[in-house]
Amino acid sequence: MCSQARWTSAATIVALVAAIQGCAGRGPVIEPHLDAAAPRQIELEATPFFPQREYQCGPAALATVLAASGVAVTPDDLTARVYIPERRGSLQPEMIAATRGYDRLAVVLGSSLDVVLREVSAGNPVLVLQNLGVASLPLWHYAVVVGFDSSSDALILRSGEDDRKRISAHRFASSWSLARNWAVVVVRPDTIPVTATPDAFVAAAAGLEAAHRSEAALTAYRVARDRWPGDVTALLGIGNISYAAHRLPEAEDAYRAVLAVAEHNAVARNNLAQVLLDKGEPDAALSEILRARADLSDSRLAPMLATTESDIRRALATPAPERPDKRAGNK
Amino acid sequence: MSDRSCRRIGVLILSVALINMGTPAVGHAAVIGTQTYLEATQRDADLSTVTAALDRAEVRDRLVAMGVDPARIEARLNTLTDSELRDLSTQFEQLPAGGDILAVIGVVFVILIILELVGVIDIFKKT
Chain X
1 MCSQARWTSA ATIVALVAAI QGCAGRGPVI EPHLDAAAPR QIELEATPFF
51 PQREYQCGPA ALATVLAASG VAVTPDDLTA RVYIPERRGS LQPEMIAATR
101 GYDRLAVVLG SSLDVVLREV SAGNPVLVLQ NLGVASLPLW HYAVVVGFDS
151 SSDALILRSG EDDRKRISAH RFASSWSLAR NWAVVVVRPD TIPVTATPDA
201 FVAAAAGLEA AHRSEAALTA YRVARDRWPG DVTALLGIGN ISYAAHRLPE
251 AEDAYRAVLA VAEHNAVARN NLAQVLLDKG EPDAALSEIL RARADLSDSR
301 LAPMLATTES DIRRALATPA PERPDKRAGN K
Chain B
1 MSDRSCRRIG VLILSVALIN MGTPAVGHAA VIGTQTYLEA TQRDADLSTV
51 TAALDRAEVR DRLVAMGVDP ARIEARLNTL TDSELRDLST QFEQLPAGGD
101 ILAVIGVVFV ILIILELVGV IDIFKKT
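Those protein sequence lines, which keep their order, are chains X and B. Using the working numbering, the letters of the first sequence correspond one by one to residues 1 to 331. Using the working numbering, the letters of the second sequence correspond one by one to residues 1 to 127.
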């Protein structure tokens, strides 16, 4: 009786300790995520370190990845861009948006650990969100993965006040999955991160365009087009930036390139119609916009196409001699 | 709250007025933007400029209420896309705010909390 009770409580303590230690004994975490040719141990020692002030791991971690990408920036510069005093922290959308002001791309990575390891192996420190608490009592924390060591199954982070925090891969994976495996790399606009998907990279470029960083966005769209020639969004982005800069021939080429790979793309055709109108070719513009309206499957965009069409019809109703100098400033 | 409602109505009226005034008279319609195109690939996204203006006003109000320097808010809002503004506007309270309180209250305290929770709930169950 007595010995059985003692055995039970001993087993309970062992189980509890095992649980607290993060379920030790499940086997290595890092090794299964590495290709045969991948390095087993790496550390990006040149990655800068900015110790965080109280609560401000957001600005500190963001400064780390921005500085690693060649931007001269400190956490103090970023506090006014990403810190929210009453929340005592920083939100993910603002962390991403703040990189745009420095003409950098924040590319959201896939949610598997091997993606993080591959980026670090390629020289890109990875900004991550962790939950250091538990699901019901979260302690959200930004850190930067700068290295890993397969033999000791640990990752190396710039984290908080710790310039070289070693964390077991088990603990990291657990804290990272509680933060939905959020990981971001920050790169120059002419650089495609090794694991970036076309959609993630081009979405980041579109974010730069939306933030009115046109030159940087154009650079990113062009490298995306060169890498993924059929990417519709990259081509459309090139067209839109060229149009905004009044470079009509370039815009027209880009929209036609979209239609060459996606002939029913009503957005590209609407934009092509607009370019033709601006070039003083309302007849050609009309036939394009009519086709665009026929191809349109999304009713939310219908008002925009209708506006283009009415502009074209107004131009057609205008006596011809007035047309040429109407858009003289554009080209 | 009533301040916010007034603000919303104001923005709505202004937006509608701007849209009605702006486009037909001048006829300088722009092309459809890349961001709009990307949003159109999401079925539930609202592509109207009125909604975008409301989201922006909502996020501005929340940031001010949360202690962000009003002089810096426009610069912050200008770098956000419409869909990010919508996420911030609709999920502001739910989004995780990374800020690490460990450094302030100490690791020991957290361990105490965790040990306490072990006895109460199953903390190792992942959600």
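Keep in mind the hints are simulated off the structure, nothing from the lab. In this text, all values refer to a predicted model and were calculated from it rather than measured experimentally. From the three backbone atoms N, C-alpha and C, an ideal C-beta is built for every residue, glycine too. Any given hint might turn out to be false.
Claimed, not checked - To give an idea of the chain B side of the interface with chain X (calculated C-beta under 7 Å), a few residues:
1. V31
2. L38
3. V64
4. G67
5. T79
6. L80
7. E84
8. E93
9. A97
Taking the hints in turn, this is what the structure says about them:
1. For V31(B), the shortest C-beta to C-beta distance to chain X is roughly 4 Å, which falls under 7 Å, so the interface hint holds.
2. Restraint check, L38(B) versus chain X: the minimum CB separation of about 6 Å is within 7 Å; hint holds.
3. With 7 Å as the threshold, the beta carbon of V64(B) stays out of range of chain X, its nearest partner Cβ sitting at about 10 Å, so the hint is violated.
4. Against a cut-off of 7 Å between C-beta atoms, the interface hint on G67(B) holds, since the closest Cβ of chain X lies about 3 Å away.
5. With 7 Å as the threshold, the beta carbon of T79(B) comes within range of chain X, its nearest partner Cβ sitting at about 4 Å, so the hint holds.
6. The interface hint given for L80(B) is met, as the beta carbon of that residue sits about 5 Å from the closest beta carbon of chain X, less than 7 Å.
7. For E84(B), the interface hint holds, the least distance from its beta-carbon to any beta-carbon of chain X being 4 Å, beneath 7 Å.
8. For E93(B), the interface hint is violated, since its Cβ never comes within 7 Å of a Cβ in chain X; the closest pair sits about 9 Å apart.
9. A distance limit of 7 Å between C-beta atoms decides the matter here; for A97(B) the minimum to chain X is near 3 Å, and the interface restraint holds.
Hints 3 and 8 from the earlier list are contradicted by this structure; the remaining hints agree with it.
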